[in-house]
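Peer 1: Okay, here's what each chain looks like letter by letter:
Number of protein chains: 2
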Amino acid sequence: MTGIPREVLIALHETDGIGRISIANILQCGKAKGIGSLRHSADFLAGDWRDMGLSASQAAGIVANLRYDAIERRHGVHEEREIGLVTYLDDVYPELLRQIADPPWVMYHKGNWELVHNPTIAIVGTRLATGYGRKVTEDISEGCAQRMTVVSGLARGIDAAAHYGALRARYGTIAVLAGEVDRCYPPENKALYRELSNNGLIVSESPPGTILRPGLFPLRNRIIAGLSYGVIVVEAAQKSGALITADLALGYDRDVFIVPGQITSPRSKGALEYFRKGANPVLDETDIFQAYSHRLPASDIHSSSVQTSKQLGSQPENWTDAERLVYRLLLDNPCTIDELVTRSGMTFGHLHSVLLSLLIKRRIHQQPGSVYHVL
Amino acid sequence: MTGIPREVLIALHETDGIGRISIANILQCGKAKGIGSLRHSADFLAGDWRDMGLSASQAAGIVANLRYDAIERRHGVHEEREIGLVTYLDDVYPELLRQIADPPWVMYHKGNWELVHNPTIAIVGTRLATGYGRKVTEDISEGCAQRMTVVSGLARGIDAAAHYGALRARYGTIAVLAGEVDRCYPPENKALYRELSNNGLIVSESPPGTILRPGLFPLRNRIIAGLSYGVIVVEAAQKSGALITADLALGYDRDVFIVPGQITSPRSKGALEYFRKGANPVLDETDIFQAYSHRLPASDIHSSSVQTSKQLGSQPENWTDAERLVYRLLLDNPCTIDELVTRSGMTFGHLHSVLLSLLIKRRIHQQPGSVYHVL
Chain A
1 MTGIPREVLI ALHETDGIGR ISIANILQCG KAKGIGSLRH SADFLAGDWR DMGLSASQAA
61 GIVANLRYDA IERRHGVHEE REIGLVTYLD DVYPELLRQI ADPPWVMYHK GNWELVHNPT
121 IAIVGTRLAT GYGRKVTEDI SEGCAQRMTV VSGLARGIDA AAHYGALRAR YGTIAVLAGE
181 VDRCYPPENK ALYRELSNNG LIVSESPPGT ILRPGLFPLR NRIIAGLSYG VIVVEAAQKS
241 GALITADLAL GYDRDVFIVP GQITSPRSKG ALEYFRKGAN PVLDETDIFQ AYSHRLPASD
301 IHSSSVQTSK QLGSQPENWT DAERLVYRLL LDNPCTIDEL VTRSGMTFGH LHSVLLSLLI
361 KRRIHQQPGS VYHVL
Chain B
1001 MTGIPREVLI ALHETDGIGR ISIANILQCG KAKGIGSLRH SADFLAGDWR DMGLSASQAA
1061 GIVANLRYDA IERRHGVHEE REIGLVTYLD DVYPELLRQI ADPPWVMYHK GNWELVHNPT
1121 IAIVGTRLAT GYGRKVTEDI SEGCAQRMTV VSGLARGIDA AAHYGALRAR YGTIAVLAGE
1181 VDRCYPPENK ALYRELSNNG LIVSESPPGT ILRPGLFPLR NRIIAGLSYG VIVVEAAQKS
1241 GALITADLAL GYDRDVFIVP GQITSPRSKG ALEYFRKGAN PVLDETDIFQ AYSHRLPASD
1301 IHSSSVQTSK QLGSQPENWT DAERLVYRLL LDNPCTIDEL VTRSGMTFGH LHSVLLSLLI
1361 KRRIHQQPGS VYHVL
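Keeping their order, the protein sequence lines are chains A and B. In terms of my numbering, the first sequence opens at residue 1 and continues consecutively. In terms of my numbering, the second sequence opens at residue 1001 and continues consecutively.
Everything labelled a hint here was simulated from the structure, so no lab data went into it. One should not assume that every hint holds.
DSSO-like cross-link-like pairs, simulated, lysine-lysine; straight-line CA separation at most 27 Å [what the hints assert, rightly or not]: (1) A:K269 / B:K1277; (2) A:K277 / B:K1277; (3) B:K1361 / A:K135; (4) B:K1135 / A:K135; (5) B:K1239 / B:K1135; (6) B:K1269 / A:K135; (7) B:K1135 / A:K277; (8) B:K1135 / A:K239; (9) B:K1277 / A:K135; (10) A:K277 / B:K1269; (11) B:K1190 / B:K1269; (12) B:K1269 / B:K1239; (13) B:K1239 / A:K277.
As the structure is a computational prediction, the values presented were derived from the model and not from experiment.
Build the full structure now, drawing on both the sequences and the hints.
Peer 2: What follows is the structure in structure tokens.
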């Protein structure tokens, strides 16, 4: 897109008063002037930044934030707080998120970043969930997580139930926070937060030091929708924040699914009305797998290949999940890279790096026509 | 279709041992031999009937039933019991029912036959309804009966609730019985039966004197489905008889609608599974009116669209979804275009055109600093 250095993008993102739109304009500006024009942006003076549309105070802010000591300080904070960073410029940036109109420029994370490359489904709903809502959320989420990673917002009620359910199954779960990635909000979900940082993934667009404010929640919701093939809404009263996520998903041309509930329940009404906007009913995970059958790994792959690998006992412990998945797919049948993209749900970029790693480890072999098979 | 006299069709229908298929064959036979060949069938001898495929006992039965005294006796019974008759040969036979694969040849009725010519919607469900099921059935049925006549089966539970609800609105309700039309079954619905014969319509395919047996209920269900544009199922356990009606409707290429309920409720499960067969969710009568907007009377459409737009807070029907979304976002709070991009998920270009359209319609206003608010 542009020749802007990664460090400059992070500095722009972390400069108070420079918003997402301003950064989009700067990237656009760099693009218009040709790749490379922003290469030396680290050395820009305030006037250069003002030429790119920033105000005087914005320009002063970014110049200060690109000084050597400021960069060092940022690095120090990220390291000390053990926060990972992925920018829009990185190959490992989630492909689905890249497609939305206003992607986050920088994502902070804790836990296993690889989860973003799995097939993903969001499950959201009201914080004031009923017992029914929490129960069916856990069940559906656990079911979905057999073949997809469940994305939600760590809120009370439906979100928490979605994370708990998904943690019980293989593909796990991603929490998208509104505030700092290393601060649990709401505090009562602390145990869940710890579980997610050990066995899942926590991401946020908010730089360390961000003060949590209401306006961050709808922004967070766009990331939940943007990361996911589709959004399941379990219970949501009219005007519930979960419906913002549903609206965003429709805006991104993603699917919205509704878990039926009683039409007289105020906790269900808002969600049920999305049937009128073309949302699909979900009774259990099979409805979701059916909707994405062409994008998911075959259902029997897991159970059968878990057995296979146990029998073989030959997959080293240090393999990544992605390597294991690709190896298992190839165990069944030699595949082209196109077929693997479809069956693994990975992006080309990610799959390419996984195949390379397996080739280097001499576990697979590439035949003419880019057909891969196991050795 | 054929030149068979009406009286002969009624006699065939009322002859024990001559079933619907035999009558279809006879009509077909008459058709093959040309109009008029059955004109004098009232004078046929047993041999003539046997030539048309009837057995000896069937032939003897119809010959006996076409004797002058037998005809007089039948007329006497119908008159005495105040039962109206409509046959497949009559112009007033319901057009929708004529289209199904196995239409009833004769329909007995009490009450206002004219109701069959209204737009019709069936509402059926389990006899063992929950309080929730009965309540939403009454509400939806009353709503539907503002513009359509509601068809059901006078059974306990959902059926009874459907009739009660519809009796409160203008287009009323039709009960299709399995047994004799002038005998109330189940007996506990006697008050409802009386109300229906005074202010609605009761129909049955079973001749006076028919002894009620289980096999008549699925036959009754085909008439419910056959009379109606579509079938709404409110609550139905797996294997519920109401689902036979839904299956028949699908077979007749009619719509099936499901009222959502809890996916954990055994009383809802059977119905909810029809979502997987392409059934549509119903939250209230507007979903039904929407589905049949092109088939409902125009004058009524006007009044109901006034209601619909009331529900939407006076947003005209001709707004696009995008306009509605942006308007709703602005209803909450005035927003800048940047905030709207984020919250709507639209691209700048699309949002710009939507804002322009809303400005032209004088529904929103632009303040200095590109802040938009509703008028």
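Peer 1: So, for every hint listed, does it hold in this structure?
Peer 2: Tested hints:
| no. | hint | result |
| --- | --- | --- |
| 1 | A:K269 / B:K1277 | holds, 23 Å |
| 2 | A:K277 / B:K1277 | holds, 19 Å |
| 3 | B:K1361 / A:K135 | violated, 46 Å |
| 4 | B:K1135 / A:K135 | holds, 25 Å |
| 5 | B:K1239 / B:K1135 | holds, 23 Å |
| 6 | B:K1269 / A:K135 | holds, 16 Å |
| 7 | B:K1135 / A:K277 | holds, 25 Å |
| 8 | B:K1135 / A:K239 | holds, 25 Å |
| 9 | B:K1277 / A:K135 | holds, 26 Å |
| 10 | A:K277 / B:K1269 | holds, 23 Å |
| 11 | B:K1190 / B:K1269 | violated, 30 Å |
| 12 | B:K1269 / B:K1239 | holds, 10 Å |
| 13 | B:K1239 / A:K277 | violated, 31 Å |
Checked against the numbered hints above, the structure violates hints 3, 11, 13; every other hint is satisfied.
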